[in-house]
Amino acid sequence: MSYSSLSLPSKLFQLTSLTLALALAGCGGGDGDTVDSIAPEPDLGVQPGTGTGGNDNGGNNNGGNDNGGEQTPAEDFSLQKLYTDPTNIKLTDEPVTFNVTVKAVAKSGGAAINRSVSLSVDDSTNTGVTIQGASVQSTDDKGEATYELKLNPLVLDEEQKADLIENGFGLKAVAKQSSDGSEITQVTTVRVSKEGSGDGGQAAIVSKLNIENNLQTTSVSNNKLNPYGDTAKFNVIVKNTDGARVKDVTVGMGIADIKGIAIIGGNNKTTDTNGIAAFNVKIDENLTKAERDKLLRGVAYAINIKEKNGATKKKEGTLSVAIPTPLST
1 MSYSSLSLPS KLFQLTSLTL ALALAGCGGG DGDTVDSIAP EPDLGVQPGT GTGGNDNGGN
61 NNGGNDNGGE QTPAEDFSLQ KLYTDPTNIK LTDEPVTFNV TVKAVAKSGG AAINRSVSLS
121 VDDSTNTGVT IQGASVQSTD DKGEATYELK LNPLVLDEEQ KADLIENGFG LKAVAKQSSD
181 GSEITQVTTV RVSKEGSGDG GQAAIVSKLN IENNLQTTSV SNNKLNPYGD TAKFNVIVKN
241 TDGARVKDVT VGMGIADIKG IAIIGGNNKT TDTNGIAAFN VKIDENLTKA ERDKLLRGVA
301 YAINIKEKNG ATKKKEGTLS VAIPTPLST
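Our numbering puts the first residue of the sequence shown at 1, with every later residue one more than the last.
Source of the hints: derived by calculation from the structure; they are not laboratory data. Hints should not be assumed to be uniformly reliable.
[Claimed, not checked] Simulated crosslink set (DSSO-like; lysine-lysine; CA at most 30 Å straight-line):
#	residue 1	residue 2
1	Lys224	Lys308
2	Lys208	Lys107
3	Lys150	Lys90
4	Lys259	Lys314
5	Lys294	Lys239
6	Lys208	Lys314
7	Lys208	Lys315
8	Lys142	Lys247
9	Lys314	Lys224
10	Lys314	Lys107
11	Lys233	Lys314
12	Lys233	Lys313
13	Lys208	Lys269
14	Lys259	Lys172
15	Lys107	Lys194
16	Lys259	Lys208
17	Lys161	Lys224
18	Lys247	Lys150
19	Lys208	Lys308
20	Lys172	Lys289
21	Lys259	Lys194
22	Lys161	Lys233
23	Lys150	Lys224
24	Lys224	Lys194
25	Lys142	Lys308
26	Lys90	Lys289
27	Lys247	Lys294
28	Lys208	Lys150
29	Lys313	Lys172
30	Lys269	Lys289
31	Lys308	Lys150
32	Lys150	Lys176
33	Lys194	Lys161
34	Lys107	Lys142
35	Lys306	Lys176
36	Lys306	Lys289
37	Lys233	Lys269
38	Lys289	Lys313
Please read these numbers as outputs of a predicted model, since none were measured by experiment.
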């Protein structure tokens, strides 16, 4: 076995000379008449971490603009519905579970997706109703946030049970507007009836008040909603048996879950001094033909009223939707 007799400095010099010769060859030769030049680095494009603003520290690029442009602010929305499934909860001898759904609707009438909604139970200690899991949920692609609740009669005494049957329990949903962070709410009272042991509980009090309503549209004067886009005011008028209008009556309004139509600004109101509770109804302007055709079949609605003494009453009907016809000359 033979070993090179060159010393380490000689080897380094030999490698350096070879490298220089190759570099010169790449520049067009190495004779004395050639002007030495350095070949430019190849253009590899924008590399990760280098940015476009002249910052070569390999880290964050504070000089460039890599935010992808301005973000469109999220659209404002309302909490259109707050309801339980089933609508009437049975008080039995054992705990019962049920679902609560909050529906959020964007200002344009579509589903408000990925919005945080908080749910709370009024006086959970005395009603035995608790939320199973997180009280804050995000709305899904239908604009709905769903919660599981439990009514546990085992933690209630007889007086608390009687009060629950008579008055039900309250639910409150809260969210924040996208534009200014203001709080929007939706409330409802859930009825409870007795089942199992006992005498069947107290019967619900039926209100003797009369419910009237009318629809005032903005796009046409025939008081029918326009499927190509419309806003309307749905007025609920509450009167007593003498025909006098009644104030301070709680009024709730719900409509069928059909794409393109929504109640804007909340669906729980209290009658004013004129006995009127006004709700704002909106139809989206950008619906497909199939969606418009579905609306043209009419939109079912329900009105519920509740007096201060707990008496309740319900009225159902259908909102008319029609394509405007040209005025005859």
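request  = Starting from the hint list further up, note which numbers the structure goes against and sort them upward.
outcome  = Hints 1, 2, 5, 8, 15, 16, 17, 18, 20, 21, 22, 23, 24, 25, 26, 27, 28, 30, 36 and 38 contradicted; others consistent.
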